[in-house]
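Novice: In case you want the letters, here they are:
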Amino acid sequence: MSAIQVQGLRKEYGSKVAVDGVGFEVERGEIFGFLGPNGAGKTTTIKILTTLIPASAGVATVLGFDVRKDGMNVRKRIGVVQQQPSGEYNLGIAEQMELYGLVWDVPKPVRKQRVENLLDAFGLQSHRRERWSELSIGLRRRVQVAREFMHDMDLLFLDEPTVGLDPIARRSTLDMIKGRVSEGLTVFFTTHILDEAEYLCDRVAIVNNGKIVAVDTPKKMKERFGGLQTVEALVEGGDSSALVRELRGLDGVSEVDEEDGGLIKVLTSNPSEALRLIGTLTEKTGARIIQLNLREPTLEQAFVSLVTTKE
Amino acid sequence: MFPILRLLIRDVRATFDKSLLVLQLVLPLLYLFVAGFSYTNLIAPLQVNGRAISYQQFLAAGVVLQTVMTGSLFAGLLLWVDKRLAMFEQILMGPFTRSQYAFSKILSSMVIGLGGAVIIVGFAVPFFVGITPSLVGVLIGFAAVFLAALFFGSFAVALSSFLKSTESFNVAINLLFVVFTFVSSSFYPVSAAPPLLQGFLLFNPLTHADDLLRLGMYGLAPPSSCMRVSRWCLRLFLLSDLRCSPSEESKSKANG
Numbered sequence: 001m002s003a004i005q006v007q008g009l010r011k012e013y014g015s016k017v018a019v020d021g022v023g024f025e026v027e028r029g030e031i032f033g034f035l036g037p038n039g040a041g042k043t044t045t046i047k048i049l050t051t052l053i054p055a056s057a058g059v060a061t062v063l064g065f066d067v068r069k070d071g072m073n074v075r076k077r078i079g080v081v082q083q084q085p086s087g088e089y090n091l092g093i094a095e096q097m098e099l100y101g102l103v104w105d106v107p108k109p110v111r112k113q114r115v116e117n118l119l120d121a122f123g124l125q126s127h128r129r130e131r132w133s134e135l136s137i138g139l140r141r142r143v144q145v146a147r148e149f150m151h152d153m154d155l156l157f158l159d160e161p162t163v164g165l166d167p168i169a170r171r172s173t174l175d176m177i178k179g180r181v182s183e184g185l186t187v188f189f190t191t192h193i194l195d196e197a198e199y200l201c202d203r204v205a206i207v208n209n210g211k212i213v214a215v216d217t218p219k220k221m222k223e224r225f226g227g228l229q230t231v232e233a234l235v236e237g238g239d240s241s242a243l244v245r246e247l248r249g250l251d252g253v254s255e256v257d258e259e260d261g262g263l264i265k266v267l268t269s270n271p272s273e274a275l276r277l278i279g280t281l282t283e284k285t286g287a288r289i290i291q292l293n294l295r296e297p298t299l300e301q302a303f304v305s306l307v308t309t310k311e
Numbered sequence: 001m002f003p004i005l006r007l008l009i010r011d012v013r014a015t016f017d018k019s020l021l022v023l024q025l026v027l028p029l030l031y032l033f034v035a036g037f038s039y040t041n042l043i044a045p046l047q048v049n050g051r052a053i054s055y056q057q058f059l060a061a062g063v064v065l066q067t068v069m070t071g072s073l074f075a076g077l078l079l080w081v082d083k084r085l086a087m088f089e090q091i092l093m094g095p096f097t098r099s100q101y102a103f104s105k106i107l108s109s110m111v112i113g114l115g116g117a118v119i120i121v122g123f124a125v126p127f128f129v130g131i132t133p134s135l136v137g138v139l140i141g142f143a144a145v146f147l148a149a150l151f152f153g154s155f156a157v158a159l160s161s162f163l164k165s166t167e168s169f170n171v172a173i174n175l176l177f178v179v180f181t182f183v184s185s186s187f188y189p190v191s192a193a194p195p196l197l198q199g200f201l202l203f204n205p206l207t208h209a210d211d212l213l214r215l216g217m218y219g220l221a222p223p224s225s226c227m228r229v230s231r232w233c234l235r236l237f238l239l240s241d242l243r244c245s246p247s248e249e250s251k252s253k254a255n256g
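Residue numbers (our numbering), protein chains in the order written: chain D, 1 to 311; chain G, 1 to 256.
Chain D extracted, bound-state conformation:
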């Protein structure tokens, strides 16, 4: 049974359509990325799936329960980290985590232990007495993510959970999530940071103007929509301008740039031919290759290509 099944999901606010016939499936134990520009309908979709708002049309089941008819059974089994920081204004970090466990009816000894484990895991021990009102945005975000692990769940919704986190905190948060997934958790994840999606997600859906424009693994998404690859060659000596000229005439090459310091960047659909030519010509002209890189298309390229062409 899938963790999430969505068919023809639609949400209208008056004349504005926030979600327009979205359909997808998330397998259990999967990290599913839901990517899209601002206003694409990501948060609205999460709000429908977490039973916070009703859909205007369509069907959605979460962990086998209909979100419209069986909301309580959905909510008992999910965790949600909202895009907007949420916390108890007057309480210290440890106390509010403990209280959140109580709200979720976690037995006292278990929640005491979990507070300590999570404070360690998220690097919050030294801040444990600091109140929400005294915390930086990054710390608030860390507390918010850590707090959600106070209770058991089968499915975790993360709505841009790493906004405001420094790179180290971001990486440790993503690794923590990965660790939980290896224990059986399913994750529905939205982000603007495509490196994160690539690092974390088994599959991603790209959503734009309320519609899903593509669903695939990050690797296949890059292959299908990422477009051209980049060959980078750092060349010393010889006649680099001749090399650039020859590369521009090669089949499949769409752009060649020569930067200061002898770095040549070739954007091509045929990287093996470009690499071969660079090797041959540098040998002929007496130049020396210092560094040679082949850069795969990024998920960001695929994202930009999909979002801009479908607009």
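These aren't lab readings, by the way, just hints derived from the structure by calculation. Computed from a predicted structure; not experimentally measured. Glycine is no exception: its CB is placed at the ideal position from the N, C-alpha and C atoms. Heads up, a few of these hints could be off.
Selected chain G positions facing chain D (Cβ under 10 Å, derived; list incomplete) [stated by the list, open to error]:
id : residue
1  : R6
2  : R10
3  : R13
4  : A14
5  : D17
6  : L21
7  : V81
8  : F88
9  : Q90
10 : I91
11 : L92
12 : M93
13 : T97
14 : E167
15 : R235
Here are the simulated BS3-like pairs of lysine-lysine, each with C-alpha atoms no more than 27 Å apart in a straight line [stated by the list, open to error]:
id : chain 1 : residue 1 : chain 2 : residue 2
16 : G       : K83       : D       : K69
17 : D       : K112      : D       : K76
18 : D       : K16       : G       : K164
19 : D       : K112      : D       : K178
20 : D       : K284      : G       : K83
21 : D       : K178      : D       : K219
Dock chain G against the given chain D, drawing on the hints supplied.
Specialist: Using the frame of chain D, we list chain G on its own:
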């Protein structure tokens, strides 16, 4: 543990600002001891059932209910704080129904309002010397306090669902406090007000709660207060439950 009880504990531990308790008590005590002592010398005792009731005794009942009102109003408005800190949606995405959430907020406001009232009653004991209400009177008095807490808690929860900004929250708090306090029979009997004002006083549930408490304590006859306050409570309770639906709330936030 019951979901509502868990939410109640959360409200008392997290959302409720302890300084509110002090604020909740300072003003009623000022009324009781400063206004009470001063005006007693100016206002003749009321004759009730052949017994004289001093102004201080009249005021004491009003002050107890004013404490209930202040505590319940402030606590009920904590729903607005939940919305501001995004805990409203966080809780509703947890293992609770919106009715449980709304009811827990009303219950929290009642607990806080009634807690304040108990303390004020303690201070007001000297004013009740010589007053021996019957068991029925005590029950009527308790009903007045309970209904007032229920009404103001429900009212504040319903109102919170409409508030959008800190400014509107501040204006609402100040305006409501003054209007409910002074356009009521807390400080003077309805019959002492000009005829036009009497209509407004009778529209205020605090007036009926005041009268009900005085009925219980001193045997003063109220104008069918219990039913009026109960009806208001029911309306407000249903409205607050309805207004805790997150769908309305989320419309304006549907930006992604």
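Novice: Are the hints correct? Go through all of them and say.
Specialist: Against the structure, the hints:
1. Of the supplied interface hints, the one on G/R6 holds, with its beta-carbon coming within about 5 Å of a beta-carbon of chain D, less than 10 Å.
2. For G/R10, the interface hint holds, since its Cβ comes within 10 Å of a Cβ in chain D; the closest pair sits about 5 Å apart.
3. Proximity of G/R13 to chain D holds as hinted, the smallest CB-CB distance being about 6 Å (cut-off 10 Å).
4. Using the Cβ-Cβ criterion of 10 Å, the hint placing G/A14 at the interface with chain D is satisfied: the shortest such distance is roughly 4 Å.
5. Hint status for G/D17 relative to chain D: holds, with the closest Cβ pair at about 6 Å, below 10 Å.
6. Taking 10 Å as the C-beta cut-off, the interface hint given for G/L21 is violated, the closest approach to chain D being about 13 Å.
7. Nearest Cβ of chain D to the Cβ of G/V81: about 7 Å, under the 10 Å cut. The hint holds.
8. A hinted interface residue such as G/F88 counts as satisfied when its beta carbon comes closer than 10 Å to some beta carbon of chain D; here the least separation is about 9 Å, so the hint holds.
9. At its closest, the beta carbon of G/Q90 sits 5 Å from a beta carbon of chain D; the interface hint therefore holds under the 10 Å criterion.
10. Contact between G/I91 and chain D, as hinted, is supported at the beta carbon level, the nearest pair being about 7 Å apart and thus within 10 Å.
11. Look at G/L92: its Cβ gets to within about 6 Å of chain D, closer than 10 Å, so that hint holds up.
12. With 10 Å as the threshold, the beta carbon of G/M93 comes within range of chain D, its nearest partner Cβ sitting at about 5 Å, so the hint holds.
13. This hint holds: G/T97 has a C-beta 7 Å from the nearest C-beta of chain D, less than the 10 Å allowed.
14. Given the 10 Å rule on beta carbons, the hint for G/E167 is violated: about 19 Å separates it from the nearest Cβ of chain D.
15. With a least beta-carbon distance of about 25 Å to chain D, the hint placing G/R235 at the interface is violated under the 10 Å criterion.
16. The straight-line distance between the Cα atoms of G/K83 and D/K69 is roughly 25 Å, inside the 27 Å bound, and the hint therefore holds.
17. Restraint check for D/K112 and D/K76: satisfied, since their Cα atoms lie roughly 21 Å apart, inside the 27 Å limit.
18. About 22 Å separates the Cα atoms of D/K16 and G/K164, which keeps this hinted pair within 27 Å; it holds.
19. Only pairs whose Cα atoms come within 27 Å are accepted, and D/K112 paired with D/K178 is accepted, the gap being roughly 24 Å.
20. A hinted pair counts as satisfied when its Cα atoms are at most 27 Å apart, and D/K284 with G/K83 does not qualify at roughly 71 Å.
21. Between the alpha carbons of D/K178 and D/K219 the distance comes to roughly 18 Å, so the proposed pair stays at or under 27 Å and holds.
Hints 6, 14, 15 and 20 from the earlier list are contradicted by this structure; the remaining hints agree with it.
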